Amino acid sequence: QKEVEQNSGPLSVPEGAIASLNCTYSDRGSQSFFWYRQYSGKSPELIMFIYSNGDKEDGRFTAQLNKASQYVSLLIRDSQPSDSATYLCAVKAYGGSQGNLIFGKGTKLSVKP
Amino acid sequence: GAGVSQSPRYKVAKRGQDVALRCDPISGHVSLFWYQQALGQGPEFLTYFQNEAQLDKSGLPSDRFFAERPEGSVSTLKIQRTQQEDSAVYLCASSLAGAQPQHFGDGTRLSIL
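Chain order of the listed sequences is A and B.
Reading the first sequence from the start, the letters are residues 485 to 597 in the numbering used here.
Reading the second sequence from the start, the letters are residues 75 to 187 in the numbering used here.
Think of the hints as simulated: they come from the structure by calculation, not from any bench.
Note that the coordinates shown come from a computational prediction; the quantities given were computed from them, not determined experimentally.
Take every hint as true, because none was put in to throw you off.
Only part of the chain B face toward chain A is listed, based on derived beta-carbon distances under 10 Å:
1. Phe107
2. Gly116
3. Pro117
4. Glu118
5. Leu120
6. Ala173
7. Gln174
8. Gln176
9. Phe178
Built from N, CA and C at the ideal position, the CB exists for glycine as well.
Please work from the sequences and hints to get the whole structure.
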């Protein structure tokens, strides 16, 4: 059973701080990793994807991947109250269905003004 | 519109009724996915299409669930003889190809009374 694990939170950070969200996955053959943001009652919105070990930066967001440790993280710099949402980590397995994602349960982030 | 469109946004049905949920993917997207999201959980994969071919239906929970994409664009997820446990948000996502990032529609919130 392929699994993706996230701390459900809530993770509370003050405005302007760095929020760090973590995710581990069980399938060592996983190749593609995605972070989605989901506001309450809304659909998941893609914010980052990463395929190679290391860091990938996009604006205030940095995704970090360590395949040896089966670990992927998302850093949000200068957190804003509008970043308050549930963040879903998703993994696409190599060799399985060509497309389906395996999601974690999500980490709820709260940014306090 | 430019995004994935789902209808209806909300559906209430009595136990035992049949329902049909529609997904109109982003134009040109070859791959289409259906997910089920229960409250407080991450989305769970149901089925995957590449053009009109259903390549993976391993996530469909029972033979009451049926999906089609006859012309390789719009897809319909049908649930027969609905049960209370079918109550969830049904999300549709599309991507340019199976390995590319998936973009989600707003979902259909299904409530079975």
